[in-house]
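Working from the sequences, and respecting the hints, build out all of it.
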Amino acid sequence: MVKDPRWRWALAVGAAVYLALALGTLDVNWARVADGLERGARFIGGFLAPDFTTRWRDISQGLTESLTMTVTSTVAGVLISIPIGVGAARNLAPPAVYYVCRAIIALSRSLQEIIVAILLVAMFGFGPFAGFLTLTFATIGFLSKLLAEDIETIDEAQAEAIRATGASWLQLVTWGVMPQVMPRLVGLSLYRVDINFRESAVIGIVGAGGIGATLNTAIDRYEYDSAGAILLIIIGIVMAAEYASSHIRRWVQ
Amino acid sequence: MAVTRRADGGFDWRLRTPRQSLAQWALWLGLVALTVWCWEVMTETTIWAFVSDAPRQAADIAGRAFPPRWSYMERLWGPLWDTLNIATLGTLLGVAIALPVAFLAARNTTPSALILRPAALFVIVASRSINSLIWALLLVSILGPGLLAGVIAIALRSIGFIGKLLYEAIEEIDARQVEAVQATGASGPQVLTYAVWPQIAPAFWGVSVFRWDINIRESAVLGLVGAGGLGLQLSGSLNTLAWPQVTMIIIVILAAVVASEWVSAKVRHAII
Amino acid sequence: MLSVENLVKTYRTGDKALNAVSFTAPKGQVVGLIGPSGAGKSTLIRCVNRLVEPTSGKVRLGDLDVTALPRGALRRARRRIGMIFQEYALIERLTVMENVLSGRLGYTSFWRSWLRRFPPADIENAFRLLDRVGLTEHADKRADALSGGQRQRVGIARALAQEPELLLVDEPTASLDPKTSRQIMRLIVEICDERGLPAIINIHDVALAQQFVARIIGLRAGAVVFDGPPDALDAAALTRIYGEEDWTAMRKAAEADREAERDEAERLAGLA
Chain L
1 MVKDPRWRWA LAVGAAVYLA LALGTLDVNW ARVADGLERG ARFIGGFLAP DFTTRWRDIS
61 QGLTESLTMT VTSTVAGVLI SIPIGVGAAR NLAPPAVYYV CRAIIALSRS LQEIIVAILL
121 VAMFGFGPFA GFLTLTFATI GFLSKLLAED IETIDEAQAE AIRATGASWL QLVTWGVMPQ
181 VMPRLVGLSL YRVDINFRES AVIGIVGAGG IGATLNTAID RYEYDSAGAI LLIIIGIVMA
241 AEYASSHIRR WVQ
Chain D
1 MAVTRRADGG FDWRLRTPRQ SLAQWALWLG LVALTVWCWE VMTETTIWAF VSDAPRQAAD
61 IAGRAFPPRW SYMERLWGPL WDTLNIATLG TLLGVAIALP VAFLAARNTT PSALILRPAA
121 LFVIVASRSI NSLIWALLLV SILGPGLLAG VIAIALRSIG FIGKLLYEAI EEIDARQVEA
181 VQATGASGPQ VLTYAVWPQI APAFWGVSVF RWDINIRESA VLGLVGAGGL GLQLSGSLNT
241 LAWPQVTMII IVILAAVVAS EWVSAKVRHA II
Chain S
1 MLSVENLVKT YRTGDKALNA VSFTAPKGQV VGLIGPSGAG KSTLIRCVNR LVEPTSGKVR
61 LGDLDVTALP RGALRRARRR IGMIFQEYAL IERLTVMENV LSGRLGYTSF WRSWLRRFPP
121 ADIENAFRLL DRVGLTEHAD KRADALSGGQ RQRVGIARAL AQEPELLLVD EPTASLDPKT
181 SRQIMRLIVE ICDERGLPAI INIHDVALAQ QFVARIIGLR AGAVVFDGPP DALDAAALTR
241 IYGEEDWTAM RKAAEADREA ERDEAERLAG LA
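Going line by line, the protein sequences match chains L, D and S. Each residue of the first sequence is one higher than the one before, starting from 1 at the first, in full-length UniProt numbering. Each residue of the second sequence is one higher than the one before, starting from 1 at the first, in full-length UniProt numbering. Each residue of the third sequence is one higher than the one before, starting from 1 at the first, in full-length UniProt numbering.
No wet-lab data here; the hints were simulated from the structure. Computed from a prediction, not measured in an experiment: that's the story for all the values here. One should not assume that every hint holds.
Rough simulated footprint, nothing fancy, chain L against chain D, three-plus residues with beta-carbon under 8 Å [stated by the list, open to error]:
no., stretch
1, 40–46
2, 126–139
3, 191–203
4, 215–224
5, 251–263
Once the Cα atoms are required to be at most 20 Å apart in a straight line, the calculated EDC-like pairs of lysine to aspartate or glutamate come out as [to be verified]:
no., chain 1, residue 1, chain 2, residue 2
6, S, K141, D, D12
7, D, K164, L, E242
8, S, K141, S, E165
9, S, K16, S, E53
10, S, K27, S, E190
11, S, K27, S, D122
What follows is a set of in silico ranges between Cβ atoms, one per label pair, in the way DEER data are often shown [stated by the list, open to error]:
no., chain 1, residue 1, chain 2, residue 2, range
12, S, E5, D, R14, 55 to 61 Å
13, S, D140, L, L232, 45 to 51 Å
14, D, E44, L, P95, 43 to 49 Å
15, L, R250, S, E5, 27 to 33 Å
Ideal Cβ positions, reconstructed from N, Cα and C, are used throughout, including at glycine.
What follows is the structure, given as structure tokens:
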């Protein structure tokens, strides 16, 4: 890749120096780590022998919140993403609309979910409603961007043919564009269900409801067997969602 | 889809047969019902007074948050450096683990399709399912607060991402090139370095740099659970309700995210 | 009747695609538009229905000045101009019937078209057209399941569904084999004959043009350099359009092609 040997040396030395500096900042408290090894072993034990029952009430409530948040935020996110995605496609939207939609997408994508969740919890209070808003906001950035990119790379000839029949703009979108992007949109929406569920487990840490709050409590109390159970449930649901979505995607093709 | 013949001999056409369109409507109705039901369950505990109060709260916070406290920047250089290190070291560690895992998980390179491949796939799914913040939460509880927990959390989350994309790349390699090298009598490791590696190297570098970019984003907030970096300052400022500092930190995070995206796009462009 | 007066198109890059093109096509006349690639053939026919906005000049369809129309009126004018495309430009994922009905979009409200509830008269007409192009039993197939020649027939049916007063045909045979090309050209010309439709056909295959059309216009660098009956298209005229080349050899090859086709037809007749 790098042709000049001097440059290659300089890069290698630079990388080595950086690595040394970076490792130096780690500042590991070895006594604490040694302490932690025992807890680590307990966590692995908890993961292998999870305890679903003791905290089942908390777990099931967290899970219900997470799943309902996932469904509502994905539906709301998809519904809002479609017009924004169309508006952010250069080949369909007038420049003014294009820039507004692109700005919304950039804003949504550059803010981490967790920071959005903190701000929304501060505004809307604790609980899944703030979580719902966070995930919807994140879904908009994700889906609109990919949808817009997909629309920008459609086969223009098909759209041109529809325009040539004297179709209106809405007909152009629904006949000339939609059939081409629909399979991908369905695929991405299903993928987003998966992501939203995973994220719902995180934003609970800052009070936005969901399984994350339950997990946070379990870890705070060093109840690693309950934490292990929660993690296994998350992994199981993600796997199930991936399996289901691959089937639905094949069916939509 | 249905073409029917009318009594008078003409043809009639509907996109779907009555049964298909009934099924379709039922599907949509089911989806709407599910959403409404989920909404009802989710908002059972919502205190609507808070929600309707939100615009006032938002205005209040915005009023406190601006202008950002620019002078706070001098206290952020250290955490910014920490964040960069968490992301970079975490990515390196993640890559180092993901590479062998990917070879174990790929159908065409796994030494044992019965035991090792499912195990590797489970490692990948487990890592992908759990956000780095949750890994950090766990590791801070196990190892104590600090950068080390952050680095390992980033690494654990990266394994699944890099591993998945990499093993898919390995499964797509051109088998003929591998056969050609095998035909020369090369050993297993030689086949890997001469036939397999050149084919996946671009994907490998591209995926690694892409993950590094994502990791900068994620490591910026890991401090919220005690794993060091900018998030630690954010958490402190939030706890003391120092909103101008919060604004400043968010600006720095945004700048870091944009910068890393730019770097990663440049590097990936240079590779591919 | 179509008349084009002093049509000029200059692209934003400064490229002059059309330079004062004028001609008239009376009712029922099929005009073949030939010329080297980049001569402006495709731009010219797209200027007629303003898929490409002409820089200056006029296009008249009957007494309607197409170039002066505002957006809404332009849509209504486009309904009267059917277009057939090079790579068929069908909506690949929709059924043949939907593709034919898409020719009615300009006459149908958004909701009716969204729900696929086209007026019965439109559907009956669509069946008649599918019958005319020989695809009745394919009505419910997805467009991407058809062969090239069949797809172009769907494209023709779609254009005719508009009940046009003019056909614009852009390289209808560019991606078809010689035999199918002839069948498609024959079909287009027959249909224009039946309906008294004027048509402009962009075509790069001179021999094919000479075989089927009543009049040929030669374009070179955006200007008309030949306009006359196919018989008048001699080597000198071809040189004016395309530049120096061995035209007799080309002609012989075309002759051989046509003979082969005749042979095959006779053989098939013998089999039957």
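Structure-based check of all given hints:
{"no.": "1", "hint": "40–46", "verdict": "holds (count 5)"}
{"no.": "2", "hint": "126–139", "verdict": "holds (count 9)"}
{"no.": "3", "hint": "191–203", "verdict": "violated (count 0)"}
{"no.": "4", "hint": "215–224", "verdict": "holds (count 5)"}
{"no.": "5", "hint": "251–263", "verdict": "holds (count 4)"}
{"no.": "6", "hint": "S:K141 <-> D:D12", "verdict": "holds, 16 Å"}
{"no.": "7", "hint": "D:K164 <-> L:E242", "verdict": "holds, 13 Å"}
{"no.": "8", "hint": "S:K141 <-> S:E165", "verdict": "violated, 29 Å"}
{"no.": "9", "hint": "S:K16 <-> S:E53", "verdict": "holds, 13 Å"}
{"no.": "10", "hint": "S:K27 <-> S:E190", "verdict": "holds, 14 Å"}
{"no.": "11", "hint": "S:K27 <-> S:D122", "verdict": "violated, 25 Å"}
{"no.": "12", "hint": "S:E5 <-> D:R14: 55 to 61 Å", "verdict": "violated, 46 Å"}
{"no.": "13", "hint": "S:D140 <-> L:L232: 45 to 51 Å", "verdict": "holds, 48 Å"}
{"no.": "14", "hint": "D:E44 <-> L:P95: 43 to 49 Å", "verdict": "holds, 45 Å"}
{"no.": "15", "hint": "L:R250 <-> S:E5: 27 to 33 Å", "verdict": "violated, 55 Å"}
Checked against the numbered hints given earlier, the structure breaks hints 3, 8, 11, 12 and 15 and satisfies all the rest.
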